[in-house]
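Participant: Residue-level listing of the chains:
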Amino acid sequence: MSFDNVYEAITEEQDDSRWAFGTGFADPLSGVDATVPPGVTADECLALGDDALIMSHRLQEWVTRAPELEDEVALANIGLDLLGQARLLLTRAGQIDGSGRGEDDFAFHRDEHEFRNVRLVELDGGHFGHLIARLFVFSVWRLAVFGRLLDAPDPVLAAIAAKAVKELAYHQEYAAGWVVRLGDGTELSHRRMQEGLDATWPYVPELGQVPGFDEVVDQVLAAATLHRPEVGTVGAVGGKAGRDGVHTERMGFLLADLQSVARAHPGATW
Amino acid sequence: MVSELASEPMGTVRCAERQRSGGTSAHSVAASVTDPELPMLTLADLGVLRDVDETGGRVVVSITPTYSGCPAMDTMRDDLVHALTDAGYADVEIRTVLHPAWTSDWISEHGRRALAAAGIAPPGPAPAGPVPLTLGRARRGLTCPRCGSTDTEELSRFGATACRALWRCRSCAEPFEHVKEI
Numbered sequence: 097m098s099f100d101n102v103y104e105a106i107t108e109e110q111d112d113s114r115w116a117f118g119t120g121f122a123d124p125l126s127g128v129d130a131t132v133p134p135g136v137t138a139d140e141c142l143a144l145g146d147d148a149l150i151m152s153h154r155l156q157e158w159v160t161r162a163p164e165l166e167d168e169v170a171l172a173n174i175g176l177d178l179l180g181q182a183r184l185l186l187t188r189a190g191q192i193d194g195s196g197r198g199e200d201d202f203a204f205h206r207d208e209h210e211f212r213n214v215r216l217v218e219l220d221g222g223h224f225g226h227l228i229a230r231l232f233v234f235s236v237w238r239l240a241v242f243g244r245l246l247d248a249p250d251p252v253l254a255a256i257a258a259k260a261v262k263e264l265a266y267h268q269e270y271a272a273g274w275v276v277r278l279g280d281g282t283e284l285s286h287r288r289m290q291e292g293l294d295a296t297w298p299y300v301p302e303l304g305q306v307p308g309f310d311e312v313v314d315q316v317l318a319a320a321t322l323h324r325p326e327v328g329t330v331g332a333v334g335g336k337a338g339r340d341g342v343h344t345e346r347m348g349f350l351l352a353d354l355q356s357v358a359r360a361h362p363g364a365t366w
Numbered sequence: 121m122v123s124e125l126a127s128e129p130m131g132t133v134r135c136a137e138r139q140r141s142g143g144t145s146a147h148s149v150a151a152s153v154t155d156p157e158l159p160m161l162t163l164a165d166l167g168v169l170r171d172v173d174e175t176g177g178r179v180v181v182s183i184t185p186t187y188s189g190c191p192a193m194d195t196m197r198d199d200l201v202h203a204l205t206d207a208g209y210a211d212v213e214i215r216t217v218l219h220p221a222w223t224s225d226w227i228s229e230h231g232r233r234a235l236a237a238a239g240i241a242p243p244g245p246a247p248a249g250p251v252p253l254t255l256g257r258a259r260r261g262l263t264c265p266r267c268g269s270t271d272t273e274e275l276s277r278f279g280a281t282a283c284r285a286l287w288r289c290r291s292c293a294e295p296f297e298h299v300k301e302i
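These protein sequences, in sequence, are chains A and B. Going by our numbering, the first sequence opens with residue 97, and the numbers climb by one from there. Going by our numbering, the second sequence opens with residue 121, and the numbers climb by one from there.
Please note that the accuracy of each hint is not assured.
If you want the footprint, here are the derived chain B segments under chain A, 3+ residues with CB under 8 Å [stated by the list, open to error]:
1) 149-162
2) 186-195
3) 228-236
Derived contacts from chain B toward chain A, CB cut-off under 10 Å, selection only [unchecked claim]:
4) V180
5) V251
6) P252
7) L255
8) L262
9) T263
10) S291
In short, the hints are calculated from the structure, not lab data. Note that the Cβ used here is the ideal one computed from N, Cα and C, for glycine as well.
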């Protein structure tokens with residue numbers, strides 16, 4: 097292999113597919129028994145997969161923008177874990193619904209009303225306190241949700257959950273640590289952390305009641321000297337919210353960013 | 121045989137049939153493939169290699185992901201196919217096994233020594249069952265892989281790869297990596 101020119105070296109014709117752009121992305125469930133037990137629908141995998149996909153996208157937006165390098169690495173790693181969960185869940189959704197759709201079909205070739213994620217994960221902007229508030233609520237909620245899926249009727253979903261809870265425990269600990277550090281920090285950091293919670297809370301009722309969620313939230317907020325916001329709820333639109341395909345105005349912009357390359361070159365491989 | 125194969129750079133193991141007639145089992149070939157991000161470990165050391173089934177001329181290798189989003193999985197698949205193809209196995213299939221989920225407890229003793237020798241603190245025992253949230257917990261002091269001191273501190277729970285955290289030794293002042301317990 098010649099390394100005179102780095103680009104020549106990586107494009108050199110040879111039997112070497114170790115380069116990321118040369119491998120393609122294998123089906124993340126390749127070889128896993130795809131049998132679908134009776135009564136199992138794709139709804140749960142689709143919803144939880146979309147939550148992870150959109151949250152991961154939002155976390156990736158913080159790369160190069162986080163306050164410290166360590167936090168940038170942390171946010172990118174959390175986003176990577178969630179992207180991995182999304183790939184598994186969306187692939188499984190395509191097996192269950194029998195449509196033959198793969199992860200890319202779900203991620204890149206659906207329109208906004210076909211996404212089933214909760215609206216909380218679409219939120220963007222604001223300062224680090226906003227981000228941490230969103231990540232905190234999301235991590236605590238998702239860990240509680242997945243903890244109840246360990247004995248799901250679908251063995252593939254149960255196996256995905258068993259791995260995910262280990263990762264989510266790290267995410268929750270990271271986010272909760274920042275909530276306490278900012279909330280119980282300076283006057284300014286306390287105010288910013290409360291601002292983040294206040295902006296996030298209107299989207300919390302949409303998550304529904306999951307046992308364990310309130311306990312962890314209260315434990316962390318107490319340690320952080322913060323309070324549960326008393327704010328209104330962002331209501332459903334005509335009785336519909338994120339799980340029904342009704343999203344915030346941010347979602348269209350997010351999908352344009354996420355999908356534009358795949359839609360410009362459908363089916364492209366490299 | 122494993123160590124002999126492992127010492128050869130990837131791609132130089134040719135003369136496939138001779139290798140096979142020399143007695144290289146599919147399992148030993150697969151077990152000698154190294155992790156792309158922790159090259160001091162083989163996939164067997166890492167505990168990612170779950171099964172190698174050789175029936176007739178067909179080899180089915182089962183691997184399990186360390187983390188859901190681990191981007192090295194695709195490379196591991198490719199490296200396994202390459203190594204087995206180069207060793208003369210034409211019909212190779214790589215299967216993903218999700219259950220039971222990988223745990224850092226599956227890293228072998230040999231792997232732990234290899235990590236430490238490479239300056240990476242190996243994981244302690246993984247937590248069993250759900251991890252309750254504890255705030256402000258003092259992190260267990262790791263042993264610095266460079267100077268052996270236990271006066272160490274965690275700098276960042278997340279590091280260069282999904283499986284590693286960044287630590288620092290207060291005695292020798294060197295930073296070091298740590299494979300996380302999961």
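Participant: A separate judgement is required for each hint: does it hold in the structure or not?
Facilitator: Hints, one by one, checked against the model:
1. Coverage of the stretch 149-162 of chain B by chain A is violated [criterion: at least 3 residues with CB-CB distance below 8 Å; count 1].
2. Coverage of a stretch by a chain is defined here by at least three residues with a beta carbon nearer than 8 Å to that chain's beta carbons; for the stretch 186-195 of chain B and chain A the count is 8, and the condition holds.
3. With a cut-off of 8 Å between beta carbons, the stretch 228-236 of chain B has 0 residues touching chain A; three or more are needed, and the interface restraint is violated.
4. Taken as an interface hint, V180/B checks out: its beta carbon lies about 8 Å from the nearest beta carbon of chain A, inside 10 Å.
5. Interface hint status for V251/B: upheld, as the beta-carbon distance to the closest one in chain A is roughly 4 Å, under 10 Å.
6. For P252/B, the suggested interface contact is upheld, since its CB lies about 9 Å from the closest CB of chain A, less than 10 Å.
7. Restraint check, L255/B versus chain A: the minimum CB separation of about 5 Å is within 10 Å; hint holds.
8. Annotation: interface hint on L262/B violated; nearest CB of chain A at approximately 17 Å, more than 10 Å.
9. Checking T263/B against chain A by beta carbon gives a least distance of about 22 Å; that is not within 10 Å, so the hint is violated.
10. Interface hint at S291/B: violated, since its Cβ lies 22 Å from the closest Cβ of chain A, which is beyond the 10 Å cut-off.
Of the numbered hints stated above, those contradicted by the structure are hints 1, 3, 8, 9, 10, listed in ascending order.
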